[in-house]
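Could you put the whole structure together from the sequences, leaning on the hints where they help?
All residue numbers for the sequence shown refer to the numbering used here, where the first residue is 5 and numbers rise by one.
The hints are simulated quantities; they were obtained by calculation from the structure and are not laboratory data.
Be a bit skeptical, because a hint or two may be false.
[Unchecked claim] Heads up, simulated SDA-like pairs for lysine to any residue below, C-alpha to C-alpha not over 20 Å straight-line: (1) Lys93 x Leu79; (2) Lys182 x Asp212; (3) Lys33 x Glu262; (4) Lys88 x Ile168.
[What the hints assert, rightly or not] Simulated DEER-style distance windows between Cβ atoms: (5) Ala240 x Tyr273: 33 to 39 Å; (6) Gly18 x Ala187: 49 to 55 Å; (7) Ser269 x Ser86: 45 to 51 Å; (8) Lys266 x Phe172: 15 to 21 Å; (9) Phe247 x Lys88: 35 to 41 Å.
C-beta atoms are modelled at their ideal positions from N, C-alpha and C, and glycine is treated no differently.
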Amino acid sequence: MTWSLGSKRGAPDGLWMKCEACDNLVYKKVVEDAHHVCPECGFHFRISAAKRIEYLLDDGSFVEHFSNLESVDALNFKGQKSYKDKLLKAQKNTGQREAAVFGTGAIAGQKVVFGVIDANFIMGSMGSVVGEKIARGAELARKEKLPFIVVSGSGGGARMEEGILSLFQMAKTSAAIKRLQDAGGIYIAILTNATMGGSMASWASLGDITIAEPKALLGFAGPRVIAQTVRQELPAGFQTSEFLLDHGFVDMVVARKELRQKLISLLRYTCREMPAFVKQSGRHTSKVEAPKVVSR
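This is the structure in structure tokens:
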């Protein structure tokens with residue numbers, strides 16, 4: 005049963021929320037139970053790093069690494085708001101020091117290095133700390149011989165307040181991921197709405213396996229910027245997950261509620277030894293034996 009009151013100009017606080025895609029007023033509890041997906045149109049709402057960890061990792065398995073890293077205003081950037089003020093506001097609103105949250109955790113008992121770029125923190129843009137955490141995460145995965153999984157919410161691309169320092173992160177993260185892959189490690193990139201700019205042009209597009217959430221906006225420049233630059237009408241939906249899947253840029257489009265089970269399957273195929281798997285019933289606690297994998 006779906007609870008909806010149709011299209012409304014505004015949504016009252018409390019029990020109801022308005023979908024930014026279909027404009028329907030939907031019951032908030034229904035949206036939350038569906039992993040923050042609109043029951044009317046399937047739009048995937050932006051969620052926090054904490055929710056990503058809750059939805060994908062085994063309960064209580066996540067241990068944060070590199071949490072001491074914090075951005076500084078090295079260029080003394082001046083704008084309508086200072087960079088320092090933006091950082092303080094984002095930290096207050098999210099309870100995080102930075103957009104990137106990285107650490108180790110487990111998926112169905114398989115230990116992984118796991119990271120999330122939280123779009124609620126300055127649009128998930130990549131500055132020096134975000135780039136450093138991605139690079140350190142890749143290095144940790146290489147040294148520990150663990151799968152490396154990153155969920156991107158980098159709609160802001162490179163962080164303009166850090167200038168050339170943010171652009172350096174494109175090369176640094178790409179090199180770290182290449183070292184991991186050269187060592188035989190696996191990197192799974194999960195692209196969410198939106199993943200753009202310097203992030204998409206570097207680490208976000210380098211996955212051995214690339215998964216995208218449905219209808220996510222993925223690309224370098226936005227469609228309006230491209231249309232104004234080339235002065236041509238663009239193909240409908242040409243920067244969506246589904247378009248990029250059809251053209252071979254992403255490997256699969258997976259709904260958020262099915263993503264954990266898909267990761268379990270992928271880890272089973274790519275890891276030589278998998279511990280006991282966890283069933284998808286209720287919380288992530290019910291154990292079943294993993295299939296045997298024969299090494300060749």
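Here is how each hint holds up against the structure:
no.	hint	result
1	Lys93 x Leu79	19 Å, holds
2	Lys182 x Asp212	10 Å, holds
3	Lys33 x Glu262	19 Å, holds
4	Lys88 x Ile168	18 Å, holds
5	Ala240 x Tyr273: 33 to 39 Å	34 Å, holds
6	Gly18 x Ala187: 49 to 55 Å	51 Å, holds
7	Ser269 x Ser86: 45 to 51 Å	47 Å, holds
8	Lys266 x Phe172: 15 to 21 Å	33 Å, violated
9	Phe247 x Lys88: 35 to 41 Å	39 Å, holds
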